Amino acid sequence: MSTENPFAESRGDIERKRTIGRAFVAVCFASTLVGIVALVALLADVIYESWGWVTWEFLTYPPSQAVENFLPDGRGAGIYPAIVGSIFLIALTAVFTIFLGVGAAVYLEEYAPESRLKSFIEANIANLAGVPSIVYGLLGLAIFVRAMQLGSSLIAGALTLTLLILPIVIVSTQEALRAVPDSQRQAAYGVGATQWQVTRDVVLPRALPGIMTGTILSLSRAIGETAPILMVGASTSLFVAPDGLTSPFSAMPMTIFKWATLPEAEFQHIAAAGIVVLLTILLLMNATAVLIRNRYDPRS
Amino acid sequence: MSGTDRTVDIARGNGGVADRTDSIVRYVFLSCALVTILTTLAIIGVLVAGSVEFFQHVSIVEYLTGTEWSPVIRPQSYGVLPLVWGTLVITLGSALIAIPVGTATAIYLSEYADPEIRKVIKPTLEVLAGIPTIVYGFFALSFITPIIQQFFPETGTFNAAAGAIVVGIMIIPMVSSLSEDAMSSVPDDLRNAAYGLGATKFEVSTNVVVPASLSGVIASYILALSRAIGETMAVTLAVGMTPQITANPLESMQTMTAYMVQIGISDVSVGSIGYQSLFAVGLTLFAMTLAMNLFSMWIKSRYREEYQ
Numbered sequence: 002m003s004t005e006n007p008f009a010e011s012r013g014d015i016e017r018k019r020t021i022g023r024a025f026v027a028v029c030f031a032s033t034l035v036g037i038v039a040l041v042a043l044l045a046d047v048i049y050e051s052w053g054w055v056t057w058e059f060l061t062y063p064p065s066q067a068v069e070n071f072l073p074d075g076r077g078a079g080i081y082p083a084i085v086g087s088i089f090l091i092a093l094t095a096v097f098t099i100f101l102g103v104g105a106a107v108y109l110e111e112y113a114p115e116s117r118l119k120s121f122i123e124a125n126i127a128n129l130a131g132v133p134s135i136v137y138g139l140l141g142l143a144i145f146v147r148a149m150q151l152g153s154s155l156i157a158g159a160l161t162l163t164l165l166i167l168p169i170v171i172v173s174t175q176e177a178l179r180a181v182p183d184s185q186r187q188a189a190y191g192v193g194a195t196q197w198q199v200t201r202d203v204v205l206p207r208a209l210p211g212i213m214t215g216t217i218l219s220l221s222r223a224i225g226e227t228a229p230i231l232m233v234g235a236s237t238s239l240f241v242a243p244d245g246l247t248s249p250f251s252a253m254p255m256t257i258f259k260w261a262t263l264p265e266a267e268f269q270h271i272a273a274a275g276i277v278v279l280l281t282i283l284l285l286m287n288a289t290a291v292l293i294r295n296r297y298d299p300r301s
Numbered sequence: 011m012s013g014t015d016r017t018v019d020i021a022r023g024n025g026g027v028a029d030r031t032d033s034i035v036r037y038v039f040l041s042c043a044l045v046t047i048l049t050t051l052a053i054i055g056v057l058v059a060g061s062v063e064f065f066q067h068v069s070i071v072e073y074l075t076g077t078e079w080s081p082v083i084r085p086q087s088y089g090v091l092p093l094v095w096g097t098l099v100i101t102l103g104s105a106l107i108a109i110p111v112g113t114a115t116a117i118y119l120s121e122y123a124d125p126e127i128r129k130v131i132k133p134t135l136e137v138l139a140g141i142p143t144i145v146y147g148f149f150a151l152s153f154i155t156p157i158i159q160q161f162f163p164e165t166g167t168f169n170a171a172a173g174a175i176v177v178g179i180m181i182i183p184m185v186s187s188l189s190e191d192a193m194s195s196v197p198d199d200l201r202n203a204a205y206g207l208g209a210t211k212f213e214v215s216t217n218v219v220v221p222a223s224l225s226g227v228i229a230s231y232i233l234a235l236s237r238a239i240g241e242t243m244a245v246t247l248a249v250g251m252t253p254q255i256t257a258n259p260l261e262s263m264q265t266m267t268a269y270m271v272q273i274g275i276s277d278v279s280v281g282s283i284g285y286q287s288l289f290a291v292g293l294t295l296f297a298m299t300l301a302m303n304l305f306s307m308w309i310k311s312r313y314r315e316e317y318q
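Listed in order, the protein sequences are those of chains A and B.
Taking my numbering, the leading residue of the first sequence gets 2, the next gets one more, and so forth.
Taking my numbering, the leading residue of the second sequence gets 11, the next gets one more, and so forth.
Hint data in this document are derived by calculation from the structure and do not stem from the laboratory.
Just so you know, these numbers come straight off a predicted model, no measurement behind them.
Glycine included, C-beta positions come from ideal geometry on N, C-alpha and C.
If a hint is listed, it holds; no wrong ones were tucked in.
Incomplete in silico selection of chain A near chain B, CB under 10 Å: (1) A24; (2) T33; (3) G104; (4) G138; (5) A143; (6) T227; (7) A273.
Just chain B, same shape as in the assembly (with noise of 0.2 Å):
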């Protein structure tokens, strides 16, 4: 940094050398920051002009309610309910396990747990979140699944039930970490006023803490759960790829995203039925994913509690 620079800058005024680099530089930082409104509408663009050449040959009546789906084997039935319930079976099975570990945790955390304590697990649990999925999948097939086969024994190789732990346990950290968060914000005159009426630390917990919290807490919900949808490489290793609609945990189903998988490592060719296919189910994939988490903005802004 030199000052005799800046001097001459001054010097030089308006339209000078550095009010010209000024300018140009601004709108290569600018053109960096549309780069992200173009990627979206490019996701939008990508998304739905594949859908279209779908729904050319599949009426969108049949892929919203048919029960079958097997758009590459004959005899072909494009209905994308099996995947569409296996991805649910997914999103619920491992809320079922995250949404209760994740509050007790945050709770546990943001309520009981010592400063130090918390520097520790904090962290620890946030290293479940940067395990890439590939890694949860193997877990579910070498550790998950064959436990679940000591209790159940008819329990396949591949079984909803691994995939909805595995992702379940993936998603803890978004819970636990994003509700702490919002439980850790509210303030101590709310849990003093609380204790000065006679209140045990329990109920402060749960009476005053967890509702003074709770759009913090349901939007973690919301993007957790939008997360389990979006899941892929576990879900493709551990729920396999048989689309089908029962109410067995214990057998293989196929999600909306290992369907996706399953065409990609394929060799089906450009303008195929099935390469078509890949961007309506994308379509409906990013449709519902966009859905949780404008919600879970909303629910966010919309209840936000705030406190002085």
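Bound conformation, chain A alone (with noise of 0.2 Å):
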């Protein structure tokens, strides 16, 4: 803007337009660093805390109940049946999600005609997207521990968090299904495809990559849930990894859970040492997630 400005009252006027211009640039340019350096803080808080903590044994062992059993020189102690807890219930959890949610998104995108039913869906999955984890924690105990008698155990805590991420993952698959142009429906239906030939072997192929990569990042939110699997009743510490769909299971936020609250301070690092594994766990999802979002990325 140049002094002739008609509408500057005076020179004084631009000069002070000027320093609240800069001003306020630099409150927003401020603010967007305070969440990059809260990021930073917490990262650098847990990478110093567990320094030294993260060893084979933390891997490959059992927790213990005595401090001196983490530490290197002791008799080895550690997050293996969490991280076996974790990864069984992930699977298991991705099995129900990925036929659930592909399921519903197909039958409202390909199926369901322009509905009251398919909006009354729609907006009842956006209101879900919005329920507390740990109302779903009451849903999994009421329904899958107590009433279907399941009780604790591994399957029940996949269902509850299936249905916890049933709503990201059908929105998710949805919006990947409205990327397949629909010039390519219209083809197979030209050759005599019906509906169900041309979803299977036209649209799901095609809205795979996307599919695959909203599924695996709700699945990484999953694997960090804490409140539901707690609500279900998964163990703070268990010494034996699972090894069924009905045995009791451990959890790495279970068990980060219990170490963080527990008062004797060397117990801080531990659990700093659990979280350093559960993210090095969700880093791995998310960059496999953006690893096939950039593979098969028809814009790249």
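Got two chains here, each in a separate frame; can you build the complex from them with the hints?
Pasting the structure below:
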């Protein structure tokens, strides 16, 4: 803006406006840094606290009540049963989620006519996405653990997590399906394919990378969830890995929660070590999702 | 994909195997979609059924107006207000952080930042939302609380301030990301018209872009606050388990969610009042977040600005 600005009353007015403008940019930029700085501080804090505690023994031994056992010269103690528990839990959740989530999304995108039922289902899904995760925990406790008599088992935990992430998986799958050009569907119908054949042979294969990306991202959210599996009754300290669908289980966030609440100061380091393992697995899952997206993204 | 199959299907015509498969498949997919409605019904059913049992022992008036909460330890009292108070303190505290910071971040990303910089910063901030909340709880205990204690030595290990700060950090990306989307969708014509009148960039940002995107921005605030109300593990670890109504944020309190965790990790027996109270508190929490989510959706659709 030049000093010729007819709207400015005086040169001082323009100077004042410039100062306000600069101050405003500075404030906005500083605010942007708040989030970044917090993220860096969080990661630095976790790495600092866990330094020297993430050992091979930590990854391969069951937990222990005694802090000494976690130290490098101790008998060896770690997070192994919780790692296996988390992996089993997520694998099971993935099976249920892919079936239900993709099925529901295919119905909404490919089959459902524009009707009140469809918009009701979609509004309901948007609402479910905003239900606090601990409420899903109560649902799991009342339905899967008590009413269906599954007990505090791996499968009850997985079903609870499935319902929790279902809304996100459905929405991301819908987006992936919507990205498949209609011309391809029309071409398939043109050679006489039925709707199921179009969906199975044309739409789903084309949407697969998008579906996988969305599903992996949702599962990486599920692996960090504590509240729902806590309500279902996941064990805080389990010394053996789960060996079946109905066996009791622990999971990484539960074990970290237990360690973080113990009064001995050293358990802070052990909790931090557990967090490093959890965040590493999360990072690997996210990286896989990004890789799939970049590999198959038609725009890149 | 073999073309011959399809010609066969056409030849079979109506009532053929392919048609039957098609309608079976259709119902399978429909039932997957109906699971989501069943989930909602089950949530409401479970919460209401559990609460009904609870309110057979406790009067609703006492529950809603009582200022003492101790359903398990004698002398028992069932006033939910201390839990609601703890939840409100955390929600408002986190809003004080996330709303200004998130809005200013959104303005920076939408109006000032280079597209290249935005492409890096936006996903980086969204990482904050992807970190498990238990990690935030740990961060509050091991990093935020010691810093607060430097300034206020009387601060307890568990305190509401640290909880509000980490929840605030956690919901920054919800505010910044959704608000940025709303601001970016304001058409350039509006900005250019204002520039043509001699407005400065600051005036365009605050007097044109923000008002024009207000419905999206406010919807993002409400969603973020709803998330703060339902947040569980961070507040359980950071804020503690002391249900009390106090104005001092340096003291321990208890949120509704943290109470549910407390009962969840204890071995309350089914049918006991402690077990039933879970459902009453869960219903209260669900009702609060549901109201806010519906409100956010309503604002977004009611005040949606349509630009050609």
